[in-house]
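Asks: Chains Y and Z, in that order, are what the protein sequence lines are. If you read the first sequence in the numbering used here, its first letter stands for residue 1, the second for the next number, and so on. If you read the second sequence in the numbering used here, its first letter stands for residue 389, the second for the next number, and so on.
Calculated from the structure, these hints are not laboratory results. Mixed in with the good hints, there may be bad ones.
Cut-off 30 Å, straight-line C-alpha distance, at most; resulting in silico cross-link-like pairs (BS3-like, lysine-lysine) [to be verified]:
| id | chain 1 | residue 1 | chain 2 | residue 2 |
| --- | --- | --- | --- | --- |
| 1 | Z | Lys736 | Z | Lys536 |
| 2 | Z | Lys529 | Z | Lys623 |
| 3 | Y | Lys348 | Z | Lys625 |
| 4 | Y | Lys32 | Y | Lys141 |
| 5 | Y | Lys329 | Y | Lys348 |
| 6 | Z | Lys536 | Y | Lys237 |
| 7 | Y | Lys234 | Z | Lys736 |
| 8 | Z | Lys421 | Y | Lys32 |
| 9 | Z | Lys420 | Y | Lys32 |
| 10 | Y | Lys237 | Z | Lys625 |
| 11 | Y | Lys348 | Z | Lys421 |
| 12 | Z | Lys736 | Y | Lys235 |
| 13 | Y | Lys348 | Y | Lys326 |
| 14 | Y | Lys348 | Y | Lys33 |
| 15 | Z | Lys421 | Z | Lys714 |
| 16 | Z | Lys736 | Z | Lys717 |
| 17 | Y | Lys33 | Z | Lys421 |
| 18 | Y | Lys33 | Z | Lys529 |
| 19 | Z | Lys736 | Z | Lys714 |
| 20 | Y | Lys148 | Y | Lys329 |
| 21 | Y | Lys348 | Z | Lys623 |
| 22 | Y | Lys237 | Y | Lys32 |
| 23 | Z | Lys420 | Z | Lys625 |
Here are the in silico distance ranges between beta carbons for each label pair [to be verified]:
| id | chain 1 | residue 1 | chain 2 | residue 2 | range |
| --- | --- | --- | --- | --- | --- |
| 24 | Y | Gly89 | Z | Gly568 | 26 to 34 Å |
| 25 | Z | Ala742 | Y | Lys148 | 53 to 61 Å |
| 26 | Z | Pro559 | Y | Gly89 | 35 to 43 Å |
| 27 | Z | Arg632 | Y | Asp60 | 31 to 39 Å |
| 28 | Z | Thr538 | Y | Asp60 | 32 to 40 Å |
| 29 | Z | Asp616 | Y | Asp142 | 48 to 56 Å |
| 30 | Z | Gln453 | Y | Glu120 | 48 to 56 Å |
| 31 | Y | Glu18 | Z | Lys622 | 28 to 36 Å |
| 32 | Y | Thr52 | Z | Arg632 | 53 to 61 Å |
| 33 | Y | Val128 | Z | Tyr637 | 47 to 55 Å |
| 34 | Y | Gly89 | Z | Gln401 | 55 to 63 Å |
Where is the CB? At the ideal position from N, CA and C, for every residue including glycine.
Protein chains: 2
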Amino acid sequence: MDNLDDFIARIRQVTGSETGGLHEPVFAGNEKKYLADCVDSGFVSSVGAFVTAFEESVRDFVGAQHAVAIVNGTAALHLALLAVGVRPGDEVIVPAMSFVATANAVSHAGATAHFVDVDEATWGIDPVALRAHLAEVGQMKDGRLHNKETGRPITAVVPMHALGHPVAIAPLLSVAEEFGLVVVEDAAESLGSFVGDRHTGLFGRLGVFSFNGNKTITTGGGGLIVTDDEALAKKLKHLSTTARVPHAYEFDHDAVGYNYRMPNINAALGLAQMEQLPGLIAGQRSLFNLYSEAFAGSPFGEVRQESAGTTSNYWLQAIQLAEGLKASKNELIQGCIDVGVSVRPMWKPLNRLAPYSAHPSADTPVTADLYDRVVCLPSSAFLANRHG
Amino acid sequence: MDNLDDFIARIRQVTGSETGGLHEPVFAGNEKKYLADCVDSGFVSSVGAFVTAFEESVRDFVGAQHAVAIVNGTAALHLALLAVGVRPGDEVIVPAMSFVATANAVSHAGATAHFVDVDEATWGIDPVALRAHLAEVGQMKDGRLHNKETGRPITAVVPMHALGHPVAIAPLLSVAEEFGLVVVEDAAESLGSFVGDRHTGLFGRLGVFSFNGNKTITTGGGGLIVTDDEALAKKLKHLSTTARVPHAYEFDHDAVGYNYRMPNINAALGLAQMEQLPGLIAGQRSLFNLYSEAFAGSPFGEVRQESAGTTSNYWLQAIQLAEGLKASKNELIQGCIDVGVSVRPMWKPLNRLAPYSAHPSADTPVTADLYDRVVCLPSSAFLANRHG
Chain Y
1 MDNLDDFIAR IRQVTGSETG GLHEPVFAGN EKKYLADCVD SGFVSSVGAF VTAFEESVRD
61 FVGAQHAVAI VNGTAALHLA LLAVGVRPGD EVIVPAMSFV ATANAVSHAG ATAHFVDVDE
121 ATWGIDPVAL RAHLAEVGQM KDGRLHNKET GRPITAVVPM HALGHPVAIA PLLSVAEEFG
181 LVVVEDAAES LGSFVGDRHT GLFGRLGVFS FNGNKTITTG GGGLIVTDDE ALAKKLKHLS
241 TTARVPHAYE FDHDAVGYNY RMPNINAALG LAQMEQLPGL IAGQRSLFNL YSEAFAGSPF
301 GEVRQESAGT TSNYWLQAIQ LAEGLKASKN ELIQGCIDVG VSVRPMWKPL NRLAPYSAHP
361 SADTPVTADL YDRVVCLPSS AFLANRHG
Chain Z
389 MDNLDDFIAR IRQVTGSETG GLHEPVFAGN EKKYLADCVD SGFVSSVGAF VTAFEESVRD
449 FVGAQHAVAI VNGTAALHLA LLAVGVRPGD EVIVPAMSFV ATANAVSHAG ATAHFVDVDE
509 ATWGIDPVAL RAHLAEVGQM KDGRLHNKET GRPITAVVPM HALGHPVAIA PLLSVAEEFG
569 LVVVEDAAES LGSFVGDRHT GLFGRLGVFS FNGNKTITTG GGGLIVTDDE ALAKKLKHLS
629 TTARVPHAYE FDHDAVGYNY RMPNINAALG LAQMEQLPGL IAGQRSLFNL YSEAFAGSPF
689 GEVRQESAGT TSNYWLQAIQ LAEGLKASKN ELIQGCIDVG VSVRPMWKPL NRLAPYSAHP
749 SADTPVTADL YDRVVCLPSS AFLANRHG
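Looking at chain Y on its own, in the form it has when it is part of the complex (with noise of 0.2 Å):
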């Protein structure tokens, strides 16, 4: 394509030549200290200091009353569908524009995945759309709300800020609690991300947070559950450590419970990169000034900004291109690519994914449009870093 050169250079503008993978960590405070005490410690496994430390500091910082370290987001999300009772034949609505993981989480539990649009400001679940489609396709039975075509109950709603930005959370809880869904949010991609100055994660009944390599932070492998409510606190630890009832030597268990703790070696990693969150998070924010100047007045589209009263973490960086783009978006990711220049599309729609395309799904628009429209762009730490 023509302007393919013009895409580059406006990138290039902001990264230099090297941009990197699509989102690296930095590693540039106590990681290789702390990793190593917990070696010296003994205790690298799901007992130790550092996951207890870890916990807390996300805890302290996000505003949570408790805070619980799972082995990954996905693994989080599973067990915090289950902690608040969502059961095998239930469906739960999940947005059609998500990571697969959110989808994966609700099969895991024995649910169907069933999937809804997601709005043009935020990206995430509409909430206007979601009350139309389950006044639509919803019945109230027994007192619960069950999909009139597939007879199944449904139970919750999984709200996730896509790319760190904040879903419209207050008209979703209202939605939520007309049709009686428990809201569980996932907010994988968004440690450092508010609605006003309410962290997210603390607005359902739980919050999932993930520390996979690519995101704001890393543990490695790694995810978090944030809650105010101290027995769901303990039901989740119970699950996450194999439900063993507390005994001096005997092994007894009292559910069928999970080997989900985060190990003590993942949690030492954590602690040094939360010593790091301000900066990332104001690393990733400059991010987003410099790449859109770079794109200002061009043909290309709008660099994706925070909605009006929150305030993101600019996790991923991302561009919407103009409607026009839409045919030459696959030649524009695939030349950035060719040069080393790394970029990536949204993710495809989940109820186009094979496993998903049979499930229960509203119209999906929206999030049709957005993959056919959004390219996300370079935005490892060492370049967020480079401006904070």
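Use these hints to put chain Z onto chain Y, whose structure you have.
Replies: Chain Z alone, transformed into the frame defined by chain Y:
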């Protein structure tokens, strides 16, 4: 009880005054170096050179064709069951005497754990009792074994090499073949244990290892699946990494996948541990000799020795109390713990745990007897190292 002091004295004759925990790891090699190298590489998550190197190291030690590193042993067993075709609604044969993870993994696959007894010689599934039980409760229907009472298909059997001691694998494989059951070996505790000169984990269609903090070597949390079947290995890797279809930029997934891959940072720890494996096993084998000598001629009973034709890693040392001491087992254990000597009983029989007590089960008198008579002895790696 009268001879508690004598019991403690015999343990301390081996361990000295500090027994450590029941099974603590030792980090005496390249642990810190490899962790630092891993941080320097920038790759700490599910892709990285240490994951490959760790897989190759275990693969070559075990003598398998393929190895797939997984986030922990429970997840590895869950994935192994899925990969060999265990489906929701199936029943899977597991020993009543095992750590709860064996049964939990079956539950996670949506199947029902069906318990059978172990034999006195190996402490693993008794092939003779298994054959009699399947002949009694099973019937062939549509070419597959079904449980007459529940109507469900019985599709797999999971022998577990308890405390590191191999089960009677040859007759067990015969029974499995006779009844059309797939064999998945739970080798969580048996890295370094052989039947003849063949490593445990190589006899079933898949074999599963664990590297939890209490195992012979540790990755913090971790597991691994070995197989000689290349197609199965590819399937396991695919399912453990969200079933993403390889593509330069598209996020397409062709199955409900999992976030089950071992992170690179955990593999870095594991690679350093693997370098010390021969010494750790030699140490545990020496520790057995010392416990044997310490308890020789005592009224307490026999220290668990490897079975004829097998080589055990002696992961966890144990004494089988004399028949007459059954009633004193808990008193003996509590007495040891009270003075800082780390002992524990065998796991509570799985068919007596609340989540599993209503499950199908054979009579399990040997499991009950071993639960009443076995005391596991301090087996920390530093005790073993001292003599290795």
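Asks: Now tell me if each hint is right for this structure.
Replies: Each hint, compared with the structure:
1. Lys736/Z <-> Lys536/Z: 28 Å, holds
2. Lys529/Z <-> Lys623/Z: 29 Å, holds
3. Lys348/Y <-> Lys625/Z: 21 Å, holds
4. Lys32/Y <-> Lys141/Y: Distance ~56 Å between Lys32/Y and Lys141/Y Cα, so the pair is violated.
5. Lys329/Y <-> Lys348/Y: Status holds; Cα separation ~13 Å.
6. Lys536/Z <-> Lys237/Y: It is violated: about 38 Å lies between the C-alpha atoms, which goes past 30 Å.
7. Lys234/Y <-> Lys736/Z: OK: Lys234/Y and Lys736/Z at ~23 Å, within 30 Å.
8. Lys421/Z <-> Lys32/Y: Roughly 9 Å separates the two Cα atoms, so the pair holds.
9. Lys420/Z <-> Lys32/Y: Distance of about 8 Å is within 30 Å: holds.
10. Lys237/Y <-> Lys625/Z: The given pair, whose Cα atoms are some 28 Å apart, holds under the 30 Å limit.
11. Lys348/Y <-> Lys421/Z: Violated - the C-alpha atoms of Lys421/Z and Lys348/Y are around 40 Å apart, more than 30 Å.
12. Lys736/Z <-> Lys235/Y: 22 Å, holds
13. Lys348/Y <-> Lys326/Y: 15 Å, holds
14. Lys348/Y <-> Lys33/Y: Measuring from Cα to Cα gives roughly 40 Å; hence the hint is violated.
15. Lys421/Z <-> Lys714/Z: The given pair, whose Cα atoms are some 48 Å apart, is violated under the 30 Å limit.
16. Lys736/Z <-> Lys717/Z: Since the Cα atoms of Lys736/Z and Lys717/Z sit roughly 13 Å apart, the hinted pair holds (cutoff 30 Å).
17. Lys33/Y <-> Lys421/Z: 11 Å, holds
18. Lys33/Y <-> Lys529/Z: 61 Å, violated
19. Lys736/Z <-> Lys714/Z: Holds - the C-alpha atoms of Lys714/Z and Lys736/Z are around 15 Å apart, at most 30 Å.
20. Lys148/Y <-> Lys329/Y: The given pair, whose Cα atoms are some 38 Å apart, is violated under the 30 Å limit.
21. Lys348/Y <-> Lys623/Z: 22 Å, holds
22. Lys237/Y <-> Lys32/Y: Between Lys237/Y and Lys32/Y the Cα gap is close to 28 Å, so the pair holds against 30 Å.
23. Lys420/Z <-> Lys625/Z: 28 Å, holds
24. Gly89/Y <-> Gly568/Z: 26 to 34 Å: 30 Å, holds
25. Ala742/Z <-> Lys148/Y: 53 to 61 Å: This hint is violated: roughly 37 Å between Cβ atoms.
26. Pro559/Z <-> Gly89/Y: 35 to 43 Å: Holds, at about 41 Å.
27. Arg632/Z <-> Asp60/Y: 31 to 39 Å: 35 Å, holds
28. Thr538/Z <-> Asp60/Y: 32 to 40 Å: This hint is violated: roughly 50 Å between Cβ atoms.
29. Asp616/Z <-> Asp142/Y: 48 to 56 Å: At 52 Å between Cβs, range holds.
30. Gln453/Z <-> Glu120/Y: 48 to 56 Å: The hinted range 48 to 56 Å holds for Gln453/Z and Glu120/Y, with Cβ atoms some 51 Å apart.
31. Glu18/Y <-> Lys622/Z: 28 to 36 Å: The hinted range 28 to 36 Å holds for Glu18/Y and Lys622/Z, with Cβ atoms some 33 Å apart.
32. Thr52/Y <-> Arg632/Z: 53 to 61 Å: Violated - the Cβ-Cβ distance for Thr52/Y and Arg632/Z, about 34 Å, lies outside 53 to 61 Å.
33. Val128/Y <-> Tyr637/Z: 47 to 55 Å: Distance hint for Val128/Y, Tyr637/Z is violated at roughly 32 Å.
34. Gly89/Y <-> Gln401/Z: 55 to 63 Å: Between Gly89/Y and Gln401/Z, where Cβ atoms are some 58 Å apart, the hint holds.
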